[in-house]
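All chains, please: the whole structure from these sequences, using the hints.
For the protein sequence lines, the chains are V and S, in the order given.
Each step along the first sequence adds one to the number in numbering that gives the first Met the number 0, with nothing skipped, and position 223 is 222.
Each step along the second sequence adds one to the number in numbering that gives the first Met the number 0, with nothing skipped, and position 173 is 172.
These are computed hints drawn from the structure, not numbers from a lab.
Treat the hints loosely; a few may be bogus.
Said to hold, decoys possible - Incomplete in silico selection of chain S near chain V, CB under 8 Å:
no.: 1; residue: Asn-128
no.: 2; residue: Gly-144
no.: 3; residue: Ala-148
no.: 4; residue: Ile-306
no.: 5; residue: Gly-309
Nothing here was measured: the structure is a model prediction, and the numbers come from that model.
A virtual CB, placed ideally from N, CA and C, is assigned to each residue, including glycine.
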Amino acid sequence: MHFFKFSRDAGLGALTLLLLALVSIAFPAFISPSNLFGMFDDTALLILLAFGEMLVLLTRGVDLSNSAVVALAGMIAALLNQAMPEAGVLPVLAISLLVGLLLGMFNGILVWQLRLPSMVVTLGTMSVYRGLVFVASGGAWVNSNQMSPAFLDFIRANVLGITVLSWFAIGLVAVAVILLRYRPLGRNLYAAGNNPSAAAYAGIDVGRMQFVAFTLAGGISGLCGYFWVSRFGVAYTDVALGFEMQVIAACVIGGVSMAGGVGTVTGVVIGALFLGIIKNALPLIGLSPFWQMAVSGLVITGAVVVNARGERSPGRRILEQSSKPETAAV
Amino acid sequence: MSDVPVTLPVAVMHKLRLRSFIRWEWLLVLVVIADFALNTFASPYFLDPWTLSDATFNFTEKAVVALPMAFLIIAGEIDISVAGIMALASVMMGLAAEAGAPLPVLLAIGLVTGLAAGCINGALVTTFNVPSIVATIGTMSLFRGSAYAILGDRVFKSYPHAFAYFGQGYVAGPVSFELVLFVLLAIVAGAVLHFTAPGRRVYAIGNNPVAAALSGVRVTNYRFLLFAVTGLAAGLASILLTSRLGSTRPSIADGWELDIITMVVLGGVAVEGGAGSIVGVVLAAVLMGLLTFGMGLLNVPGIVMKIVTGGLLIVVVAGPALVRRLRALPHRHRGGLG
Numbered sequence: 000m001h002f003f004k005f006s007r008d009a010g011l012g013a014l015t016l017l018l019l020a021l022v023s024i025a026f027p028a029f030i031s032p033s034n035l036f037g038m039f040d041d042t043a044l045l046i047l048l049a050f051g052e053m054l055v056l057l058t059r060g061v062d063l064s065n066s067a068v069v070a071l072a073g074m075i076a077a078l079l080n081q082a083m084p085e086a087g088v089l090p091v092l093a094i095s096l097l098v099g100l101l102l103g104m105f106n107g108i109l110v111w112q113l114r115l116p117s118m119v120v121t122l123g124t125m126s127v128y129r130g131l132v133f134v135a136s137g138g139a140w141v142n143s144n145q146m147s148p149a150f151l152d153f154i155r156a157n158v159l160g161i162t163v164l165s166w167f168a169i170g171l172v173a174v175a176v177i178l179l180r181y182r183p184l185g186r187n188l189y190a191a192g193n194n195p196s197a198a199a200y201a202g203i204d205v206g207r208m209q210f211v212a213f214t215l216a217g218g219i220s221g222l223c224g225y226f227w228v229s230r231f232g233v234a235y236t237d238v239a240l241g242f243e244m245q246v247i248a249a250c251v252i253g254g255v256s257m258a259g260g261v262g263t264v265t266g267v268v269i270g271a272l273f274l275g276i277i278k279n280a281l282p283l284i285g286l287s288p289f290w291q292m293a294v295s296g297l298v299i300t301g302a303v304v305v306n307a308r309g310e311r312s313p314g315r316r317i318l319e320q321s322s323k324p325e326t327a328a329v
Numbered sequence: 000m001s002d003v004p005v006t007l008p009v010a011v012m013h014k015l016r017l018r019s020f021i022r023w024e025w026l027l028v029l030v031v032i033a034d035f036a037l038n039t040f041a042s043p044y045f046l047d048p049w050t051l052s053d054a055t056f057n058f059t060e061k062a063v064v065a066l067p068m069a070f071l072i073i074a075g076e077i078d079i080s081v082a083g084i085m086a087l088a089s090v091m092m093g094l095a096a097e098a099g100a101p102l103p104v105l106l107a108i109g110l111v112t113g114l115a116a117g118c119i120n121g122a123l124v125t126t127f128n129v130p131s132i133v134a135t136i137g138t139m140s141l142f143r144g145s146a147y148a149i150l151g152d153r154v155f156k157s158y159p160h161a162f163a164y165f166g167q168g169y170v171a172g173p174v175s176f177e178l179v180l181f182v183l184l185a186i187v188a189g190a191v192l193h194f195t196a197p198g199r200r201v202y203a204i205g206n207n208p209v210a211a212a213l214s215g216v217r218v219t220n221y222r223f224l225l226f227a228v229t230g231l232a233a234g235l236a237s238i239l240l241t242s243r244l245g246s247t248r249p250s251i252a253d254g255w256e257l258d259i260i261t262m263v264v265l266g267g268v269a270v271e272g273g274a275g276s277i278v279g280v281v282l283a284a285v286l287m288g289l290l291t292f293g294m295g296l297l298n299v300p301g302i303v304m305k306i307v308t309g310g311l312l313i314v315v316v317a318g319p320a321l322v323r324r325l326r327a328l329p330h331r332h333r334g335g336l337g
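Right, dumping it as structure tokens:
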């Protein structure tokens with residue numbers, strides 16, 4: 000099993016490199032270091048958000064509200080910056096992280112304490128959070144000329160050749176690998192999703208693991224809110240609208256199982272990079288941006304078919320909640 | 000909070016579930032009446048046959064898709080690609096209309112596109128064993144992406160005059176074609192789900208697919224058929240919506256999948272499958288239509304309505320769970336909430 004997972008990541012990695020090579024043969028400039036770094040910077044947000052989603056998926060949940068959290072935390076960060084432009088970046092980072100954690104906790108509490116299916120909860124909160132962006136801003140946009148230079152420059156600052164945003168993604172990946180592979184909390188997240196009943200007997204509070212996953216995912220989405228708004232230089236109600244599907248796609252391509260308990264950080268990163276390369280290569284090939292969604296849809300559908308081989312055990316229902324008393328499934 | 004799953008006899012659970020769902024539908028009726036009264040109170044224009052008729056357009060198209068979606072969710076599956084199917088079907092009809100196709104051909108193209116898309120979903124879930132939420136997340140991008148790829152930033156609006164009837168026509172007085180169609184479909188759906196053997200099998204599949212298969216239900220065939228019918232319904236809804244708007248953009252029906260699923264869940268269908276009723280879904284559809292229309296009368300911006308529908312979804316699901324939670328407390332050890 001372990002070998003299979005390893006070979007899957009390796010296979011996906013090889014496929015990604017092949018894609019990169021093919022595009023580079025046609026367009027040598029594509030593989031220039033500056034373009035590669037630019038592409039990584041462009042994909043950093045997807046990597047960050049996909050890792051948060053992965054935590055939730057591991058515990059048999061799904062988070063559809065992350066892009067709305069990005070929009071709300073981003074708007075609040077931008078409004079804070081507008082109100083106190085001289086305060087610098089630290090309060091902005093703190094507030095966006097805090098907002099994200101709180102929104103994630105709200106999802107998590109509902110899933111943990113009331114045992115509601117996470118899909119229903121986040122379907123509801125994605126609308127509520129998105130609506131709150133409008134309420135917070137009064138429907139107005141915050142444009143880059145209303146943002147302080149510190150707010151805009153922080154994530155663009157070049158450290159050792161790559162941007163601070165890229166470093167955030169790399170740092171998170173490092174933390175994630177340690178957390179999920181070597182820390183009890185990480186192992187418990189896997190256990191809670193892999194077999195909730197067995198995990199409960201082993202003393203793992205499955206509901207609490209879901210709460211932790213949602214809270215962490217919320218915190219990451221909150222930080223990404225500031226990053227997103229700063230990177231694109233605008234905060235408005237529809238920021239990152241529909242991005243949750245790309246995030247889930249990156250996870251699925253990366254081999255994270257929607258049935259919980261299966262997935263690697265490496266896989267998710269490669270999945271995100273795969274989507275990032277496609278996105279950046281399409282304009283070069285001369286396909287209009289309108290083709291991007293169709294092509295990524297095709298790639299996602301292909302990836303899930305490959306993923307699904309033998310994964311779906313016949314008795315397991317996909318939307319089944321881990322902590323639900325197993326009544327009817329006698 | 001280290002809960003070890005409690006196992007109750009199936010018969011007991013079934014009884015409990017049935018009872019709670021009968022209560023659920025009465026709760027919905029009450030909320031619908033309350034909202035109706037609120038709308039009447041809020042706007043003097045609400046209690047007019049034509050105003051009420053206008054209000055129905057807020058939910059009929061979505062509700063047409065919500066009916067088969069209820070079957071799917073009861074059977075333990077889900078289809079997130081329905082709005083994508085609607086966009087693709089609309090673009091196909093637009094292409095045909097541009098080429099001068101007559102009305103029957105247009106309708107056939109809308110329905111066949113929906114059916115074909117539904118069959119793709121069905122094949123992914125049955126033949127390729129992909130969990131339906133994953134499969135339809137992929138096809139959602141595929142279908143809507145194809146609509147964007149074909150149409151780009153252009154607009155189709157050269158629909159024949161007679162095409163307008165389906166989304167704008169009235170059967171008698173203020174009773175619209177859309178409403179009549181929805182009522183007929185709801186009756187058929189309710190009859191099939193609640194009074195026929197195939198309907199009972201849908202519940203059986205949702206409750207325990209393995210047991211259902213072992214007792215002779217052709218689970219795979221049912222799953223495929225449900226996805227195909229949902230696709231067909233999305234094609235039909237696309238005809239209605241395209242006809243009402245009189246034009247096609249690739250962003251048509253954007254985000255509707257969430258509204259449709261909200262309708263089904265609000266109607267009391269259990270997301271984990273195995274329970275739910277068509278009456279509940281119809282009530283939820285009417286409720287969402289009245290609610291958005293009422294807020295429209297009060298000039299509430301659309302995005303704020305999203306807070307209300309999203310909040311409503313959470314409240315109606317969390318409310319009973321909270322009550323159950325509090326009721327269960329005295330029987331367990333007191334420290335349960337901590």
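>> Tell me if the interface restraint on Gly-144 (chain S) is satisfied: Cβ within less than 8 Å of some Cβ in chain V.
In response: holds (3 Å)
>> Hint Gly-309 (chain S) vs chain V: min CB-CB distance below 8 Å?
In response: holds (3 Å)
> How about Ala-148 (chain S): closest beta carbon in chain V under 8 Å, or not?
Replying inline: holds (4 Å)
>> Quick check on Ile-306 (chain S) please, does its C-beta sit within 8 Å of some C-beta on chain V?
In response: holds (3 Å)
>> Take the shortest C-beta to C-beta distance between Asn-128 (chain S) and chain V; is it under 8 Å?
In response: The hint holds - Asn-128 (chain S) has a Cβ within 8 Å of chain V, the shortest such distance being about 5 Å.
Checked against the numbered hints listed earlier, the structure breaks none of them; every hint is satisfied.
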